[in-house]
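Sequential numbering from 1 applies to the sequence shown in full-length UniProt numbering.
It should be emphasised that the hints constitute simulated quantities derived from the structure, not laboratory data.
All clues given are correct.
Using 25 Å as the maximum straight-line C-alpha spacing, the simulated DSS-like pairs for lysine-lysine come out as follows: (1) K112 x K101; (2) K166 x K139; (3) K166 x K101; (4) K165 x K112; (5) K165 x K139; (6) K101 x K165; (7) K139 x K112.
On a predicted model such as this, the values are computed, not experimentally measured, just so you know.
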Amino acid sequence: MKKLSVMGMALCVALAFTSCKPQESAYKKAYEKAKAQEEQSQASRPAQEEAPVVTPLVEKPASQTTVINVNNATVRTEDVTVVSGAGLQAYSVVVGSFSLKANAEGMQNTLKQGGYDAQVAYNSSLNMYRVIASTYADKAQAVQSRDAIRGSQYNPKSDAWLLFKK
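Could you put together the complete structure from these sequences and hints?
Listed below in structure tokens is the structure:
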């Protein structure tokens, strides 16, 4: 009888395992659904997108010259004291800034050899020595001098700027 009950149970277990059909996993269904949506969206899109229309650039020669308004020229205001030179007027053209006095004096000597009345001024708040090529009471003259010295052999980087002494 024991044999018969063991065989009956084995038969039940075998029927239970064979009656279950394997079902598709949820991952496979989600993948197929996404693929179908992608194919549908590609079918609804146009084959190629049109490139935007670009107007060609036409170069025209300048018919007039523009005068720069000197009142709008950028001016830095600093409190400086003259270290070497005759003295500063209201507007000065700065061609170099150095943290070492020896470097500033070297540039001052180079400018003096070139015919400039160069001076060295010290800004104590920034701890910088400013090399000044020329100084003027009028802003327009200072702007003209700055523009003339930019790009010269004494200021090849074109970084000359205007200083208004406090």
